[in-house]
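Chemist: Residue-level listing of the chains:
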Amino acid sequence: MTATDTTAPVPATPRGGTLTVRLWRGDASGGDYQTYSVPRRDNQTVLDVVTEVQRRQAPDLAYRFACRVGVCGSCAMMVNDTPRWTCRTHVSKVAEGGTITVAPLRNLPVIRDLATDMTDFFDKWQKAGGRFQGSATRDEPMAQVDPSSKARRMADAGIECINCGVCYSACDVVAWDKDYLGPAALNRAWTLLNDVRHADQKGTLDKAMAQGGCGSCHTQGNCMRACPVGISPTRAIAGIKRMSLLDFIGMRGR
Amino acid sequence: MSERQLFVLQRLSALVMAPMVLLHLGVILYATRTGLSAEAILTRTGSTWLWPAFYAAFVLAVTVHVPIGVRNVLREWTPLSRGAVNGIAIAAAAACLILGLRAVWAISGWAA
Numbered sequence: 001m002t003a004t005d006t007t008a009p010v011p012a013t014p015r016g017g018t019l020t021v022r023l024w025r026g027d028a029s030g031g032d033y034q035t036y037s038v039p040r041r042d043n044q045t046v047l048d049v050v051t052e053v054q055r056r057q058a059p060d061l062a063y064r065f066a067c068r069v070g071v072c073g074s075c076a077m078m079v080n081d082t083p084r085w086t087c088r089t090h091v092s093k094v095a096e097g098g099t100i101t102v103a104p105l106r107n108l109p110v111i112r113d114l115a116t117d118m119t120d121f122f123d124k125w126q127k128a129g130g131r132f133q134g135s136a137t138r139d140e141p142m143a144q145v146d147p148s149s150k151a152r153r154m155a156d157a158g159i160e161c162i163n164c165g166v167c168y169s170a171c172d173v174v175a176w177d178k179d180y181l182g183p184a185a186l187n188r189a190w191t192l193l194n195d196v197r198h199a200d201q202k203g204t205l206d207k208a209m210a211q212g213g214c215g216s217c218h219t220q221g222n223c224m225r226a227c228p229v230g231i232s233p234t235r236a237i238a239g240i241k242r243m244s245l246l247d248f249i250g251m252r253g254r
Numbered sequence: 255m256s257e258r259q260l261f262v263l264q265r266l267s268a269l270v271m272a273p274m275v276l277l278h279l280g281v282i283l284y285a286t287r288t289g290l291s292a293e294a295i296l297t298r299t300g301s302t303w304l305w306p307a308f309y310a311a312f313v314l315a316v317t318v319h320v321p322i323g324v325r326n327v328l329r330e331w332t333p334l335s336r337g338a339v340n341g342i343a344i345a346a347a348a349a350c351l352i353l354g355l356r357a358v359w360a361i362s363g364w365a366a
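So the sequence lines, in the order shown, correspond to chains A and B.
Our numbering puts the first residue of the first sequence at 1, with every later residue one more than the last.
Our numbering puts the first residue of the second sequence at 255, with every later residue one more than the last.
A couple of the hints might just be wrong.
Stated by the list, open to error - One side only, chain B facing chain A, incomplete, derived with CB under 10 Å: (1) R258; (2) Q259; (3) V262; (4) R329; (5) W331.
Stated by the list, open to error - Some chain A residues flagged as far from chain B (calculated, every beta-carbon gap over 10 Å): (6) T82; (7) T99; (8) M154; (9) G221; (10) G253.
Simulated from the structure, these hints should not be mistaken for laboratory data.
Because the structure is a prediction, the values reported are computed rather than measured.
From the three backbone atoms N, C-alpha and C, an ideal C-beta is built for every residue, glycine too.
Please build the complete structure, drawing on both the sequences and the hints.
Modeler: This is how it looks when you write it as structure tokens:
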């Protein structure tokens, strides 16, 4: 993410020149890149470019977005072979010789063009034990959680995940092992394991360590490098492994 | 045995093996750099029960550690079925145990 200079005027007009955009077009049965030309504009994001192509040149182009400002996590795509939020990626940062290449997220089945089917991705959240289970009813007082406690600080480090799928797409283990739950799901499990209100600690730990769980991670760190909000699923997975070991020998502290 | 138990066993056996590997490497370096003959080495390893005990423990840790790793590698990199992978891992465990204990027996001097 880049800082925005709020004092600069925002020119809406083309600043001259054109950008060559290679967009992947096709569906589950296959496809290929098609090339488009788009006027080059100041402060132009990759999502702006895709939208411009769809509005003016290829109305049947399928892609996904909602908020346009890096909150919703729906516009992630491969930009020059790197998974990114297209809304927070400025063309000026990624254009190589006046060209950008945009493709659907890796490691997920394509529905059409730039839109992927994220069912597997979300199913794996459940498989990793990512469902919160409360330990109190609404009649009981609110849980007192010390924000400076070690467990809460570790949960906080991973809690800002918005399920965009960038880490899942960046992960090579996901690419070659279809059972692997992936960085986002395991990061979610780690935040629950550090949440004192989560009742099913054992269930989450067992699921996160089952086949396809933390044991499959190769600690390559692609997820951590790609995450647009700076979360480190690599650290979360290492934390779950450590917790599992301590739990096994009865030394897991809270 | 669950995946989680296997994972923990692999880590714990690694914990046991780490200092043993260092000591084993030290023994190798010492024996080769001081020009000891095979006979002299075997005389020393057979002079106390500590060496056979050390290497027997080493063999047991290896027997736990290696097959779990072999199983992970095969499962990730080969199209073998789960049963085949488990079979190969058990065979690897048996090989480590039998060959290892045979070697411990040899350096113990008890056969002589």
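Chemist: Does each hint hold? Answer for all of them.
Modeler: Going down the list of hints, with the structure as the test:
1. R258: This hint holds: R258/B lies near chain A, its Cβ roughly 4 Å from the closest one there, short of 10 Å.
2. Q259: holds, 8 Å
3. V262: holds, 4 Å
4. R329: Hint holds; R329/B Cβ to chain A Cβ min 8 Å, cut 10 Å.
5. W331: With Cβ-Cβ at 8 Å, under 10 Å, it holds.
6. T82: holds, 25 Å
7. T99: The claim holds: T99/A sits with its nearest Cβ about 36 Å from chain B, beyond 10 Å.
8. M154: holds, 20 Å
9. G221: Since the minimum Cβ distance to chain B is about 18 Å, G221/A lies beyond 10 Å and the statement holds.
10. G253: G253/A clear of chain B: closest Cβ-Cβ about 17 Å, beyond 10 Å.
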